[in-house]
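K.L.:
Which chain is which? The protein sequence lines are F and G, in order.
For what it's worth, the numbering used here labels the leading residue of the first sequence as 195, then goes sequentially.
For what it's worth, the numbering used here labels the leading residue of the second sequence as 38, then goes sequentially.
Keep in mind the hints are simulated off the structure, nothing from the lab.
Do not rely on the hints blindly, as some may be mistaken.
DSBU-like, lysine-lysine: derived pairs with alpha carbons at most 35 Å apart [as the list claims (entries may be wrong)]:
hint	chain 1	residue 1	chain 2	residue 2
1	F	Lys659	G	Lys111
2	G	Lys279	G	Lys269
3	G	Lys279	F	Lys323
4	G	Lys111	F	Lys323
5	F	Lys362	G	Lys51
6	G	Lys51	F	Lys615
7	G	Lys43	F	Lys615
8	G	Lys269	G	Lys302
Reference excerpt, derived from the structure (chain F facing chain G, CB under 7 Å, subset only) [stated by the list, open to error]:
hint	residue
9	Gly222
10	Ala223
11	Glu319
12	Tyr387
13	Val422
14	Tyr511
By construction, the Cβ of each residue, glycine as well, lies at the ideal position given by its N, Cα and C atoms.
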Amino acid sequence: MRAAIEAFDTGANVGVVSKLHPTRSHSGAAEGGINAALGNAAEDSPEKHAFDTVKGSDYLGDQDAIEILASEAPGDIYQLEHWGCVFSRSDEGTLAQRPFGAAGSPRTVYSADITGHVLIHVLYEQLMKRQEQGPFEVYEEYFAWRLVIEDGRCVGVICWDLVRGGLKLVTGKSIVLATGGMGRIYRATTNAYACNGDGMAMALHAGLPLKDMEFMQFHPTTLFPSGVLITEGCRGEGGFLINRDGERFMARYAPNALELASRDVVSRSETTEIEAGRGLNGSVLLDLRHLGPERILTRLPGSRELAMTFAGVDPIYDPIPVRPGAHYHMGGVATDNWGATEVDGLYAAGEVACVSVHGANRLGGNSLMETITFGRRAGQAAAEAAQVSRNGGPVSEAPLADAERDLRTLLDRSEGERPWKIRDELGGSMLENFGVFRYPDRMERQLDVIQGLRERYQHVVVEDKGDIFNSDLTQALELESMLDLAWVMVQAGLAREESRGAHSRPSDFPERDDERFLRHSITRWEEDAPVLSTEEVRMTTYQPEVRSY
Amino acid sequence: MQVALKIWRYDAVKGERALREYEVDAPEEATLLDCLDIVKDRLDGSLAYRKSCRMMICGSCGMRMDGAAVLACKVRMYEIAQAGQVPVISAMGNLPIVKDLVVDMQPFWGKIRAVQPWLEPGLSDPGETEHVVSQERMDVIHKESLCIMCGCCVSECNSMEADPEFLGPAALAKGMRFVGDPRDQATVERLQSYSEEHGIWDCTRCYFCNERCPKGVDPRDAIAKLGAEAVKEGIDSDMGAKHAKWFVTSAKTTGWLRETELVPKTQGIAKSLKEVTFAMGLLKHGKVPPPFPPHVAKHVGEARALYDLVHEQDRDGAAGIAQSEKALGHLEHADDGGEAAARGPYGDGSFAKPFLPGEEPTV
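So that you can see chain G by itself, here it is in the shape it has in the complex (with noise of 0.2 Å):
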């Protein structure tokens, strides 16, 4: 097939960047880094860009087709082909650019190093054999421990992008592992420090991580666990754990979320009372409700009955978060609603029943 690609080159010596288009002939089940191959092969050898398995696990090869993170080695071109469409590949964002392709991802592993990513033992110490530990509870970090490090879900992260500064989201989903690990110990020390400024809370949950993960780690989902454990564990003094504190009140209560009540809570009375001409203009406008009295809502019974539901089936801190359903089909298996699905695995169409030799086959 032919297979067309415009490529953001970028030479460092110079400091200047172009867009170049090249066109291969690729098998057809080629994916966007047989195709790199191609043209650093034939067309021209100065193309820059990471590899190496070739199999979605070494996490080299992270870069953007048309303005999305994705690993090269996992997009299959064929369809995009037959579209007749020419994708658009550059670096990753949010790290500085070493050449084309190539990004310098020290910045990336400087945060990593932030979260302190190793176990501290805390289980008492086996010896010389296993901790027991049931695999239910090792589940709590599964997707987390799946994280390649390539880099696709910082490439893509709003809040870094206004905070160089934000941790991030591998590196809060890498903090997550040992949280919600039981053998670490330093559960409440790590709370506390990705609580901190440029934590946990400065998320602006756009969910571009999730949607850009190549491996379903979800780690948007693993700072929401890391909030809830925070909170859990009595660390809520930011304002982004007071916020989403009073979510929860303010719905148990009323059923509402009471804004007019939300910035006094999350900012102290204080800093509010300077936002107080804005809030005004907002009363004038008909943009906030006015605050007395409160307006309860029609069935606030249903409001409490689930605060109490979750109560009582224990789902405090992580356990409490929700996966996203990409996240649960991933882990449950959704059926796509293929062919393949529709049939089964043995009905008609299907290939044959296997059989030993001298058995006779069965269709």
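One chain only, chain F, in its complex shape (with noise of 0.2 Å):
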């Protein structure tokens, strides 16, 4: 919405495909907040806010990218306080900001803790706002399948209409994926049911180049068993982690930061502790009961309703049960800083790119500012080329005759398997084989899993044949995507062979290797397989020192 409100204020004319309600969409569900250098509770500044974010990264960040972000973080922020974003006030009425994760200043803006919500809310006013100007269409529950090249460009995207049913050819002289993550691919996950990564398939399977994809994020405070998210911000608020015995456990790993370490730290902790016998029911606690009622109904309301409606415990009387889950992907479409990829006419922004800003590891709060930051930039820069581009003229039918080819094949099968054992067994193999600490063995036998289900996915059988709000047929398509990006993600995890932020190989290569691996990975889909290859990072300022917290 931020790209499409850009793109849309430096003169385009604009169309916006979604498979949900713009509203619905997962960043309404984040929490904690978005990080910019306002310096209103303590001093800070955009230099000491990319140096964090590139140690957070454990430089695997592209430097430029960060220092973009960080410089231009403040004056989004701005801009959105003064669209009616409701964030929370200080004392003095200036935007509030709380300490995050790896942060070296209170850095986050906030609206209690549903930062998500209320940003997403204010884009989509904003959008209406425009949509009285005109023209400013929205396609409201379109299911985005494939993305139509010609000539090296990129001219469209083939859609299913989720209510009406039928495919349609969405056209435009510039496209901006927005589409969002994948954390579906594992069984424990605070995604929502629509981050199956569509959109980096999509990009994938039409020849662009995925970037960094071994990094998954792991939260460290999902909910047991839900997997729903408990923001950072409670341990920004101070609240502790502790084990079994009731000791904070942290201590032992990040003796400086504590429960404020980065994410991937945190998580590979609370892994160890739980499997060193230390956790109860495969999860630590999360202790916000000395914080008091006052400050967790203020602050932390929306994380005490999930953790009393999805797990039976108020926190102002006992510790949350929380365990890592994966919640972020740090790599995807490769871009430039404007958002474009290596296609002419098609964009990226959000976590569906790979900027990269985030590297291997990403900090609590920067990825609300990126989707800001660069959806703005992605927005501006696709309109401008569209104003000068060629794209434009009558579009071959041959892509949608394909898809639509395909398309039957799936729908007229009868006979076979239903989609649904293949993704509950891709969410546990996964989880198993590829989560927070990767070893050899493991990620190859995940190989063979990935293969074997791909085989199965041939023969699947979608029941709902109609056209009205197909959901059996999309989620089929959406299992698809995530067979192929699995096989990405692992293929890429195996050939790092070091030890870098949320990629973790604690019995082969532990230590992080920048001889060999100071770059990001690269994957094609060349002949129906991804095909890696490697790129620098550009480095500006700050040189790879040891990460401690």
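Mind assembling these two chains? They're in different frames, but the hints should get you there.
P.N.:
Next comes the structure, spelled out in structure tokens:
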């Protein structure tokens, strides 16, 4: 939505294609906040923000992109506030800022613990305002399935109209992918059912490179057993992580930052505790009791509601059972600092993209900021390019006909397996074999598992044959994307013979290896298989150092 | 656990409805949404419903359970299954059904759009920094900004059932989100527009929206706040506003509601004359007290003192609207009297107090 708004304001005729109503997108579930060096709560600067982000990325982030994020973030936050965003306030009435993991200063602007919610609604408000001025079309519940590339230019998207049925070709002079992540590849995830990596798969299959796909962030505090997110803001407000004995175990892993170490560090520490038998039902505990009712109720009411509803625990009186869960994909469609991909007319922003500002590990509060800052940049660049684009003429019917044929093949099949078991086995095996810690034998095994599942997918049956709201069909299409992306991830993970950020190989390559691997991994899809290469990391100011918290 | 559900299926192509029963084996922590997923995966892939976040924030999975709107992801099935109940699941009310549990939300969004739901910047432009506004002033719209647009309130709205053009609880709560925002400059225009027919005063105050809202937005309270703000701004030509004002005047002067005067005060003299025969009938049967002499309550002083007190406190407009008990409980954390609350965070049976490695654990 941020890209669409900017494209509109730059003078473009804009259409938004979304498989959900826009306010249902998973950005709305972000809780803790959004990082910008405003310096409202303590001295801060974009340079500090950039350094924390570079260090957090385990030096794999592209530093020019990180500097853009850090320096443009404050202006973007002020704009959101001017648009009416309901942020929490300090005692002075300025925007309140709270501490977050691995941040050198309280930098996270927030709205209690529903920051994503207030952001997504203010963006939709601004979208509706522009719709009054038009033309600004929203194709709601259109499932984007394939990109149409003609003569090396992206000219359109083939979509399935979920409500009415039928494949529709939506064309444009510029197209911006903003389809989010793919946490659903894992059984334990904070992500919504909608997060299946659709955009990454579309780009991959259209021949574009995906970058750093081995880096899946595991969030340290996902609620047991449901997997929903309990915000890092709980620790930002002073919450403790404890094991079954009540010990604040983070002191043994990150003696300075404790609970506010970076997410990869905390997730590994928790997993070590749980595997050493110091967990409780495969979880550790997030203890907020000492914060007291008032602070919990004013700053963390949403987390309390989630804990009460899904775990039957009131955090005022009892610690919350939490464990690491798949949360955010650092990798994605490779773009430049304006969101442009290597294909003319195609842009990407947000979690689907890899600029890369997060490198091997993202800091809490940086993803919402990335969606805003790089969403704005991609929208502007896409609109400007559209004004001089050669696109816009008639588009060949062939890709749509191919898509119709493939869809028919899937729908006409009446004997075979239903997709859910393949989906569940994918999620379970990815968690077991490509989770917080990665071992060579398990990764090899996972490649076999994925091949087996891909083979079975060739025979899946979609039970619903109708046109109207056929989510049985779209869920099957999503599964196909996830199977290919899982392959890409594990392949890239095997090739990265080091431990960096969220990619940790304790048994064979426990150290970071800047000599060989201070490089992005690049995956392309060639002849129905992933092909790997690497690319340089763009460095400006910061040289790699030993990373500790 | 075994969970049984009855689901109202709707086939839009054939226009047929059918109540189907399903039984699934689900984990004890399963929600209604989890159970629907199991039905769809294993029993009937054609079942249609919306879902996404499964954590009560995206607003996709509004539907009805035993006739009352719920978010499917919020309803835990354990107790229902243990009690042997077989809930009936159906699509939300007041919106056209697309298929099974999926409704067409376009009419819903049309009404949201009708309240011009975007900030009209009013405070002086702060330039390259934020507006300085106290948390206290922003708290006025705290509940309204929690709205996730799920449509549960609209589904249950009795006024909308009678008047499909009624703006409805979600849109009016969204309106209050801007009226109460000190940064918005269109307050008067908004209140005028929301006070028109199908607006604020067409709410019947059945409180179903407050009751069924899964997020504690309390749309009825928002509508009451809009009404109070409108009257404060002198936007009171609607009969609803006049009606409300007469309650105040009447209570202040005699301590009673003078019903015979209520009709002319609300509808005007001309319209009231048409009701004279009806009124005489009521009078004859003792349904209304005779208007003369005006009956003054024995303790009218108390009513007047209360009126003065509210004025002294400067609680006019939205600030004068008392929040419902449920809302206050939500905000102020009323203990539910449960076991955990009784023992406290560190009482007998609580989890151990945290300690740092090397420290002695305290129990």
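K.L.:
Hints numbered earlier in the text: which of these fail when held up against the supplied structure?
P.N.:
none
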